[in-house]
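S.K.: Just so you know, the protein sequences line up as chains Z and W, in that order.
Residue 1 is where the first sequence starts when you use our numbering, and the numbers rise one by one after that.
Residue 1 is where the second sequence starts when you use our numbering, and the numbers rise one by one after that.
These are calculated hints, taken from the structure and not from any lab test.
Even for Gly, the Cβ is constructed at its ideal location relative to N, Cα and C.
There is no bait here: all hints are sound.
Calculated cross-link-like contacts (lysine-lysine; reagent style DSSO-like; alpha-carbon spacing at most 30 Å):
hint	chain 1	residue 1	chain 2	residue 2
1	W	K100	W	K303
2	W	K145	Z	K71
3	W	K59	W	K313
4	W	K313	W	K105
5	W	K341	W	K54
6	W	K194	W	K150
7	Z	K160	W	K220
8	W	K238	W	K129
9	Z	K71	W	K194
10	W	K304	W	K105
11	W	K105	W	K303
12	W	K145	Z	K160
Here are some of the chain W residues that sit facing chain Z, going by a computed Cβ distance under 10 Å:
hint	residue
13	G72
14	G74
15	K78
16	S90
17	T95
18	S164
19	D172
20	S174
21	F178
22	V195
23	V207
24	G208
25	G209
26	K210
27	G214
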Amino acid sequence: MGVQMTTTPASKTPAANRAPSGARLADRGFRWLCLAGALVVGVLLLLVIWQLLRGARLSMDRFGWGFFIGKTWDPVSEEFGALPFIFGTVVSSIVALLIAVPLSVGTAIYLTDLAPPRLRQPLSSLIEMLAAVPSVVWGLWGFFILVPILRATLYPVLQKCLGFLPFFQGPIYGIGLLTAGIILAIMILPIVTSISREVLRSVPNLQREAAYALGATRWEVTRIAVLSYARRGLFGAAALGLGRALGETMAVMMVIGNTPYIGLSLFHPASTLASGVANEFTEATGDLQLSALFELGLVLLGVTILVNILAQVMVRAFTTAETRRVA
Amino acid sequence: MKMTINKIARLTVCATLLLAACSQQSPVVSTAQAQLLINGAGSSFDNPAFMLWKEAYSKTDPNVQINYQSVGSGAGIKQLVSRTVNFGASDAPMTDEAMKNAPGKILHIPVVAGAVAITYNLPGSPALKFDDATLSGVYLGQITKWNDPKIAALNPGANLPDTSIIVVHRSDGSGTTFIFSDYLSSVSHDWASKVGKNVSVNWPAGVGGKGNEGVAGQVKQLPGAIGYVELAYAKQNKLPVAELKNAAGKFVAPSPESVSKAMATATIPDDFRFSMVNAPGDESYPIAGASWVLLYQKQGDAKKGKTLVAFLKWCVSEGQKMSPQLDYAPLPDSVQQRELKLLDTVTY
Numbered sequence: 001m002g003v004q005m006t007t008t009p010a011s012k013t014p015a016a017n018r019a020p021s022g023a024r025l026a027d028r029g030f031r032w033l034c035l036a037g038a039l040v041v042g043v044l045l046l047l048v049i050w051q052l053l054r055g056a057r058l059s060m061d062r063f064g065w066g067f068f069i070g071k072t073w074d075p076v077s078e079e080f081g082a083l084p085f086i087f088g089t090v091v092s093s094i095v096a097l098l099i100a101v102p103l104s105v106g107t108a109i110y111l112t113d114l115a116p117p118r119l120r121q122p123l124s125s126l127i128e129m130l131a132a133v134p135s136v137v138w139g140l141w142g143f144f145i146l147v148p149i150l151r152a153t154l155y156p157v158l159q160k161c162l163g164f165l166p167f168f169q170g171p172i173y174g175i176g177l178l179t180a181g182i183i184l185a186i187m188i189l190p191i192v193t194s195i196s197r198e199v200l201r202s203v204p205n206l207q208r209e210a211a212y213a214l215g216a217t218r219w220e221v222t223r224i225a226v227l228s229y230a231r232r233g234l235f236g237a238a239a240l241g242l243g244r245a246l247g248e249t250m251a252v253m254m255v256i257g258n259t260p261y262i263g264l265s266l267f268h269p270a271s272t273l274a275s276g277v278a279n280e281f282t283e284a285t286g287d288l289q290l291s292a293l294f295e296l297g298l299v300l301l302g303v304t305i306l307v308n309i310l311a312q313v314m315v316r317a318f319t320t321a322e323t324r325r326v327a
Numbered sequence: 001m002k003m004t005i006n007k008i009a010r011l012t013v014c015a016t017l018l019l020a021a022c023s024q025q026s027p028v029v030s031t032a033q034a035q036l037l038i039n040g041a042g043s044s045f046d047n048p049a050f051m052l053w054k055e056a057y058s059k060t061d062p063n064v065q066i067n068y069q070s071v072g073s074g075a076g077i078k079q080l081v082s083r084t085v086n087f088g089a090s091d092a093p094m095t096d097e098a099m100k101n102a103p104g105k106i107l108h109i110p111v112v113a114g115a116v117a118i119t120y121n122l123p124g125s126p127a128l129k130f131d132d133a134t135l136s137g138v139y140l141g142q143i144t145k146w147n148d149p150k151i152a153a154l155n156p157g158a159n160l161p162d163t164s165i166i167v168v169h170r171s172d173g174s175g176t177t178f179i180f181s182d183y184l185s186s187v188s189h190d191w192a193s194k195v196g197k198n199v200s201v202n203w204p205a206g207v208g209g210k211g212n213e214g215v216a217g218q219v220k221q222l223p224g225a226i227g228y229v230e231l232a233y234a235k236q237n238k239l240p241v242a243e244l245k246n247a248a249g250k251f252v253a254p255s256p257e258s259v260s261k262a263m264a265t266a267t268i269p270d271d272f273r274f275s276m277v278n279a280p281g282d283e284s285y286p287i288a289g290a291s292w293v294l295l296y297q298k299q300g301d302a303k304k305g306k307t308l309v310a311f312l313k314w315c316v317s318e319g320q321k322m323s324p325q326l327d328y329a330p331l332p333d334s335v336q337q338r339e340l341k342l343l344d345t346v347t348y
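Looking at chain W on its own, in the form it has when it is part of the complex (with noise of 0.2 Å):
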């Protein structure tokens, strides 16, 4: 009895391993016959885009079949080093030191630019207005109080309850987080010097949530708490999202088009390794980033290589078109222009 049960169940792990062993090879054996695999990995801010493009741009061009992995940014940029995928997907920049250990030069295509919205749990939730001093003040741990004079002296008028202030932030590496503290630390010279900018950071103050749920979650349970979200979660979720200071000093609400307006403003440098926190004019709003595709500028296969490059083309100029959907920022023709004539860079 005990024999023919190791028996079938040894078989059993047998024939599964063998299974998989199959199942995983047959799918790349028969599109790579019928169609042109582009595959991609990285940024999972950036996979509702990938998701519709790809979806669209097969109804442009049927013979290409585009596979884009979800793995987060640090994935991404590994398996482009690696040359495993043919795109990768980050919501930070490159650093100069990971440039130059990759193994040929990389461009930076911004395809999604978003906004970070700040959301708050309040009675009543009033619309509030925060500036760069405040914010700041209240991730370092130094406000700690709803009724500190500082927030009450930007929302005159406000029922500002005399309850801590529970921060919250992500626990997870994400873009979201880059964002968020590369507007901290370009506003706050304490932040600059004790924190800093990163996927995720050692933050002085709060407690943690996994993803934008969790964040979105811990905010709407605590009363209290004050949180950063993507501008698009908090919409779905219909979370308040307070107005910000921006450089100019006027006050503006998280949107697509504000998101577009700060990307018009800021200085884009030639290689597209940009920052456009706190971007200057009226109607930029301060917390928002992009998110890049990145590419070799000199591909290996020819016809991968070519087809790669024109869906990219796609993607920053009609891709775009459907963005707001998605409640990203659709590039600014200035940009979508620039973008272009890099891509013409590359070579096969």
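The shape of chain Z in the complex, shown without the other chains (with noise of 0.2 Å):
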């Protein structure tokens, strides 16, 4: 969480010396005001995390750290394990990721490069505007029209096409890790868009005409001046986007299937942590349940912490080996 603080900004410089008073005291006043507004995000998230823990004890208590491998999810006879939460959350996320990522990337440089100019605003309005739609929507449109439309056309053709692999494999519901994929991924392209967007606009076009003025053509151009030089931010756009796929509930609930599974085919029905935790809260009888439903959103609040630091630590030792190389 603490690497984010690197990109804070630099504009706090005390320029305030030969202000007049007022002006000072205006200045204090502001700093005050952004300084409390800084403290209140700290001070939710450790509520949070201090609650969830409180929460989570019975469950922590009785499953100690065998709540991370569990496999079970039984509330008869109270065994309650994460693993497949974490598998199926981690599974549909990184799916989500590797159709989003290509699609915004692509969208982004046709968008900052390619397009004429009086399509780009209309386009990328256009491209907001999903990020606009409830994800409940998402949810009931993935249900009864995506749903019918996969089972029917692209995962028979899937299995027909690449069915040795075993991510291919197994019977087709039409729900399951695959679809839920499929809309993450529809629901992270346009925050994933817009930063890539706003990340390739600030190459500077110094770095273009100077690959053009080698010879360039245009693709040499984005892959060797655009891309390459945008690629942290790139990153950085990923990682964001991974974020939101990681806790998003109500869609993913509709299409995944809630079945709590580990395996290999991606057609099968699976649960993720956060789908998990709002299917059962609502009815949860037992405290042992209760606390152990705790601990999936300790443990989903987990996930995403670690998740943003590797991608930190990733954009880092990506960047540092890019700038070794230059040198």
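Assemble the dimeric complex from its two separately framed chains, guided by the hints.
M.R.: In structure tokens, the structure reads:
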């Protein structure tokens, strides 16, 4: 989490020395206000963690570390393990990223470098409007319209052509890990696209012109001058998209099939941390079950933080290697 | 520029927070002066009934306002135990342990009863019959094909394809699942020992859908699927429903009448924590269950307590006349009388 602080703007220069005292007071007030705002976020997060820990205590005492590797989720015999939920969360999010990132980056390149100027604004507005569609609408649309189409067209073809891979074996229900990944991909498209667009826009034009001057084709300019320059930012865009995908609940719950599952088939119904909590929380009658659900929430928070840190580490490793090569 | 935007943003946040705080306060204050507010929370299965009843009851007694939050049975029980509501509602009776942990003696008052219908998706939607062994076999994942001899034997003449049975169940915790797993536990030793009964269970087979609409949607979409939904839901969506073999060996279709019959023949103890699955009697539908209102026998606030009891008495007598329009089964007369007597034991 702390890694995000490296990007705080360095705009707090103490230029207030020569200003009249009224302005200085306002400046100070503004500073305190901002500090309070920043603290509220931190305190909220701490409170959430504290509350989750408190709620999860019973389950932590009972299962210990075994909770993370337990494969059974049985509310009757009160045996709870989080592994299938962790698996479903991570796999559906990775599938979403694999679909969304190439699409988003491609769209962003088109919007910044290739599209005719009068098309750019309407196209980006359209993509941003995708972000305004509520999650439950995506879920319903996915369930009633996308699932039947996928089951009848794409999935049989995938199984026929790529059926030798374990990912595309097993019965086709229509709902399942792959469908959840596709819905998630559509949902994270707008955010990944708009951030990628901003990142690509910040690539200095000199960079492009230099490449053109060397006789590069359009594709070569994009690859050498634009993409390699913007790599770090694009990685960041993907990480933000991943963060959203990990925690998405309603839409996933409607298309994933809600069955705890660990295995290779992407056609199989599965369950995620967020959907597991949303499914059982309202009717959880046993104290231990409720506590285990709290712990699922805690695990989700942990997974999200872990993934963010990992992404940052990868970005750093990647970019330092890059600069070394350039030097 | 930056500063003004920040200021505006912060002011807006403050203003919204203030507004939120105010708007949460005001309705409680104003209604408490004008009307007596009775708060209830719990089962979403009961919600349509309470919506209807609170409207109708406000004509009987305009000074009472019933406020029911459909938050789920578990949350309803929790709110009752922490005394933040006047009554709770649950699709499953409280366990002995939960009763012991409550701060006072809690009464169970059945207010609605309903059937769980078995629905399916087969070409031509043939009328199907199931018995206890077949249904539990399907849900245990032991019977996997529609043309299995066990299903064929019950349905001579029906066109049963050689396709896989896709089992659909609820993914969210629900009273419907409690009733269904209660039935399977009572008819199948295997189910009772391997899975058991609860509002959510560890399903041996199948895919999960959220809510009745989720299960119905999946059954409609997946050829060869079978699922269980509340009867009202199956009727509204014109889904095919199966006839089930009851304890007397007769095949019965789900309906408010066949549930009332089951309730009349079921053994009901004095504390009303009963199960009416697989009830005896020729006309009883086997997968049915009640939903309970929960209240403390010793009410703290005499005025509110008396109002609550009056409302509940109305629900279990007059209110029952409205049940069929919501596809709930009306409580049989004998049960109504016993419940009224139990409500008389409430002290203030």
